[in-house]
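Number of protein chains: 2
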Amino acid sequence: MTGVLYLMPNTLDFGVTLSESGGPPDLQEVLPLGAIRMAARLPCWVAENAKTTRAFLKRVNEVVPLTQPLQAIVITELPRANKGAPALSPGSLQTLLAPALAGQDVGLISEAGMPAVADPGAALVQAAHALKLRVVPLSGPSSMMLALAASGLNGQSFAFVGYLPVDAAARTARIRELETLSRRAQQTQLMIETPYRNAALLNALLNALNGSTRLAVSCGLTLATGWNRSDTVAAWKSSPSSIPNDTPAVFSLLA
Amino acid sequence: MTGVLYLMPNTLDFGVTLSESGGPPDLQEVLPLGAIRMAARLPCWVAENAKTTRAFLKRVNEVVPLTQPLQAIVITELPRANKGAPALSPGSLQTLLAPALAGQDVGLISEAGMPAVADPGAALVQAAHALKLRVVPLSGPSSMMLALAASGLNGQSFAFVGYLPVDAAARTARIRELETLSRRAQQTQLMIETPYRNAALLNALLNALNGSTRLAVSCGLTLATGWNRSDTVAAWKSSPSSIPNDTPAVFSLLA
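Protein chains in written order, with this note's numbering: chain A, 82 to 336; chain B, 82 to 336.
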C-alpha cells in the first residue's frame with residue numbers, strides 16, 4: 082500500500098504580521114481544521130523552504146499537537162530549477178517520493194498559498210502521477226482566487242501569467258499584449274511581482290494601459306491591513322493609491 | 082460608516098455526500114474557522130441560491146452558533162443574467178448593496194467554491210467597488226486551484242476558459258484552439274462541464290487532442306470518493322477511466 086501525496090496550502094502571511102500587532106495571525110483564520118489535522122500527522126514533507134515549513138508546523142502544533150516531535154519529521158527541500166541549477170530531473174523527484182512508495186504519506190508545501198500553483202512544485206505532482214501515487218489537494222488560501230474574486234473582473238474567463246519582464250520596454254510591450262489578449266477574449270489577466278517592485282509595476286500598468294481598462298490590485302491578502310481596489314485606469318490615475326514595497330500583491334486587468 | 086462586502090467561499094460538496102456515508106461532510110474539513118465565524122455573524126447575504134445558502138448556514142450553526150435566528154437573516158438572490166432575463170443592471174445591484182451602504186456587513190456566496198469565480202457574482206463585487214465599499218475575500222476551497230495543483234501541469238501560467246460549446250463540431254474546434262494556445266504559451270487550460278456531460282467532454286478531449294498532450298481530470302474534489310488523474314492523452318486512451326455523471330469535475334490540458 083503506497084502513501085498519498087497531500088498538497089498542503091500554506092498561509093499567505095509568510096509567518097509574520099506586517100502590522101505592529103504581534104505574532105503571526107491564527108492559522109484557523111485561513112486554514113481549515115481538516116488541513117491543520119492532516120499537517121499535524123504527516124511524517125514526511127517536500128517543501129519549497131524547510132525553515133518556513135518548520136515555522137508552519139509550529140503554528141500547526143498550537144492548534145493540533147503534532148503526532149511526532151518536529152525533529153522527527155522529515156522535511157526535504159525541492160531542488161531549485163530556476164537558480165542556475167539543472168532542471169528538476171524525474172529521477173531526483175522520484176527519490177523525494179520514495180517514502181510514499183514505501184507507504185508513508187507525504188505533504189507538499191510551498192512558501193505561501195497552494196503548492197504547485199505559481200511555484201516550482203508542479204514537477205513533483207507530475208512525478209507522483211507517473212508513479213501512480215494518489216494525489217489529494219487540500220483546501221486553503223489561494224492568493225490568485227482571492228484576488229480574482231475581490232477584483233469583480235471576469236471570473237468566468239481568466240488567466241494567470243506570472244511575472245512580467247523587469248526591463249521597462251519589454252514590460253510595457255508585455256502589458257499591451259496582455260491588454261489586447263484580455264480585450265479579444267474578455268479574459269481577466271492576473272500577474273504578480275516581487276513586493277519591492279510593486280510600485281514600479283503599478284506605474285507601468287497605469288502608463289501602458291488604456292484609461293477605460295479596469296485594473297484591480299489586492300495587497301496583503303488575508304492580512305488585517307490588506308486592501309482590494311478595482312477601478313478604471315483613468316480613475317486610478319486621477320486618484321492614486323500608494324502601494325507598500327514589503328507586502329505581496331496581485332494585479333489584475335480586464336480590457 | 083459603511084458595511085463590508087465579504088466574499089464567502091462555499092463548500093464544493095453541494096451540501097450532500099455523493100457516497101452512501103450519510104449527511105454532508107464536516108464544514109471544518111474545507112472551511113477555515115475564521116470564515117465560519119464570519120458566516121455566523123453576517124446579518125445579510127446576496128446569494129446565487131437562497132435555499133442552498135440556508136442549508137449552508139445550518140451547517141455553519143453546527144460549528145459556530147448563528148448570531149441571530151436563521152429566519153431573521155436576510156438572503157437575497159442575485160438576479161440571473163443568463164436565463165433570458167435582462168443583464169444585471171448597476172441599479173439593481175446597488176439595491177442589493179443598500180444594507181452595506183446603511184452600515185451592515187453583507188456576505189456574497191455562491192453554490193460552490195469562491196463567489197465571483199466561475200459564477201455570476203463578479204458584477205456585484207464591481208458594484209461594491211463603484212460604491213467605494215470595502216471588499217474582503219475569505220479563504221476557502223476553490224475547485225480551480227485544487228484541480229490545477231492536483232494536475233501537476235504548469236501552475237506558473239494557466240487559464241480558466243469556463244464551459245466548452247455543446248455542439249460536437251464546435252466543441253472539437255474549441256478543444257483544438259485551446260491545445261494550440263496551450264502549446265504556444267505553455268499555458269495550462271482549465272475547463273468545467275455540467276456533470277451529466279462529463280463523459281461526453283472526456284471523450285471529446287481524448288478524440289481531439291494529440292496523444293502527447295497532457296490531460297488531467299479532478300472529479301469530486303474534497304469528497305472522500307474524489308480522484309485526480311493526470312496523464313498523456315495516449316495513456317488515457319490505452320487505459321481509460323470511467324467518470325461519473327453526477328459529480329462535478331474540472332478538466333485541464335497542457336500541450
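In case anyone wonders, no lab produced these hints; they're calculated from the structure. Do not rely on the hints blindly, as some may be mistaken.
Said to hold, decoys possible - In silico negatives: residues of chain B with every beta carbon more than 10 Å from chain A:
| id | residue |
| --- | --- |
| 1 | GLN109 |
| 2 | ARG122 |
| 3 | LEU138 |
| 4 | LEU151 |
| 5 | ALA204 |
| 6 | GLY221 |
| 7 | GLY233 |
| 8 | ASN235 |
| 9 | THR253 |
| 10 | ALA280 |
What the hints assert, rightly or not - Derived CB-CB ranges, DEER-like:
| id | chain 1 | residue 1 | chain 2 | residue 2 | range |
| --- | --- | --- | --- | --- | --- |
| 11 | A | PRO321 | B | VAL247 | 41 to 47 Å |
| 12 | A | ALA121 | B | PRO146 | 53 to 59 Å |
| 13 | A | VAL144 | B | ALA281 | 40 to 46 Å |
| 14 | B | VAL85 | A | ARG257 | 48 to 54 Å |
| 15 | B | ARG265 | A | ASP107 | 40 to 46 Å |
| 16 | A | ALA183 | B | ARG122 | 44 to 50 Å |
Glycine is no exception: its CB is placed at the ideal position from the N, C-alpha and C atoms.
To see whether the hints hold, each was checked on the structure:
1. GLN109: Label violated. Min Cβ-Cβ 4 Å, cutoff 10 Å.
2. ARG122: Check passes; 14 Å lies beyond 10 Å.
3. LEU138: Label holds. Min Cβ-Cβ 18 Å, cutoff 10 Å.
4. LEU151: Holds, because the least Cβ-Cβ distance between LEU151 (chain B) and chain A comes to about 23 Å, which exceeds 10 Å.
5. ALA204: violated, 7 Å
6. GLY221: Given that some Cβ of chain A is not farther than 10 Å from that of GLY221 (chain B), nearest at about 6 Å, it is violated.
7. GLY233: Violated: least Cβ distance 3 Å, not greater than 10 Å.
8. ASN235: violated, 6 Å
9. THR253: holds, 19 Å
10. ALA280: Fine: 21 Å to the nearest Cβ keeps ALA280 (chain B) off the interface.
11. A:PRO321 to B:VAL247: 41 to 47 Å: Since PRO321 (chain A) and VAL247 (chain B) have Cβ atoms about 46 Å apart, the given range 41 to 47 Å holds.
12. A:ALA121 to B:PRO146: 53 to 59 Å: Because 26 Å falls outside the window, the suggested range is violated.
13. A:VAL144 to B:ALA281: 40 to 46 Å: holds, 44 Å
14. B:VAL85 to A:ARG257: 48 to 54 Å: Between VAL85 (chain B) and ARG257 (chain A), where Cβ atoms are some 35 Å apart, the hint is violated.
15. B:ARG265 to A:ASP107: 40 to 46 Å: holds, 44 Å
16. A:ALA183 to B:ARG122: 44 to 50 Å: holds, 47 Å
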